[in-house]
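Enquirer: Sequence:
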Amino acid sequence: MQLALPYVWSDSHSDHQPQAEIWVGIRAAAAEVPQRAEAIRAALQKAGAREVPAERHPDECLLAVHDGALLDYLSSAWRGWRASGLTEDPGQDRVVPYLFPHPGLVGGLAVKPPTAASALAGHYAYDTMTLIGPGTWEAARAAADVALTAADLVSGGEPAAYACCRPPGHHVTRSAFGGSCYLNNAAIAAARLRDPGAAGGPVAILDIDAHHGNGAQSIFYTDPGVLTGSVHADPG
137 MQLALPYVWS DSHSDHQPQA EIWVGIRAAA AEVPQRAEAI RAALQKAGAR EVPAERHPDE
197 CLLAVHDGAL LDYLSSAWRG WRASGLTEDP GQDRVVPYLF PHPGLVGGLA VKPPTAASAL
257 AGHYAYDTMT LIGPGTWEAA RAAADVALTA ADLVSGGEPA AYACCRPPGH HVTRSAFGGS
317 CYLNNAAIAA ARLRDPGAAG GPVAILDIDA HHGNGAQSIF YTDPGVLTGS VHADPG
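So the number in this note's numbering is just where the residue sits in the sequence shown, counting from 1, plus 136.
Just so you know, the hints here were simulated from the structure itself, not pulled from any lab data. Keep in mind that this is a model prediction, so the values were computed, not measured. The beta-carbon is built from N, C-alpha and C at its ideal position, and this holds for glycine as well. Worth double-checking, as some hints may not be accurate.
Pair ranges (Cβ atoms, derived) [claimed, not checked]:
1. Gln171 to Asp229: 16 to 26 Å
2. Ala164 to Ser212: 25 to 35 Å
3. Pro295 to Ala219: 45 to 55 Å
4. Ala164 to Ala200: 31 to 41 Å
Take the sequences, apply the hints, and build the full model.
Expert: Now the structure itself:
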């Protein structure tokens, strides 16, 4: 029996090749690797699902849920890191925060984006495991297009569509990223489905991951048109 389900795919996911992550201060092997998406794709193909290539969407679709400053940072972070010389001294080959703007550090002053690349990373990232390297932005941007294309398929009459997004996105808030996520793909798709041109009414995001979908919840917390919920892999 064939799986009557279209799935959206982009080869650009493999542009993001994390070699490691900083977990509780220790450099560990990266868990969010290209093989994860390829394994899902292989299973979908084996089941007979139909592959649909992702289509490019305008930046306005991302700005519906993310601050422009975050998008500007993510799209330029790797270039800024290389230009700073940090890849040579001390030899850090990925963008990783050196410090974070803790309230006790800034003493109640308004927080402005730092100029130093190592400090600027901590202005937008909230952990040290979500590193940025060559191709990270391109993969994250393509993942958003995957989600948007799947949303368009549903709006166009498909009863369901699977968006094979990598990197993932449910931990990204409106203005900060983390948890191996860079853009909130589900939130971007939800906003697309709420567009006046899309068919349907209220939208729900059901997060089945073991971890809390904090990003989508924070983005839509005061929006009655989008319901968010996390089941934390239960049952599982």
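Enquirer: Work down the list of hints and note, for each, if the structure agrees.
Expert: Quick rundown of the hints versus the structure:
1. Gln171 to Asp229: 16 to 26 Å: Between Gln171 and Asp229, where Cβ atoms are some 20 Å apart, the hint holds.
2. Ala164 to Ser212: 25 to 35 Å: Hint holds: Cβ distance 27 Å, inside 25 to 35 Å.
3. Pro295 to Ala219: 45 to 55 Å: At roughly 48 Å between Cβ atoms, Ala219 and Pro295 fall inside 45 to 55 Å, so the hint holds.
4. Ala164 to Ala200: 31 to 41 Å: Since the Cβ atoms of Ala164 and Ala200 sit about 35 Å apart, the hinted range of 31 to 41 Å holds.
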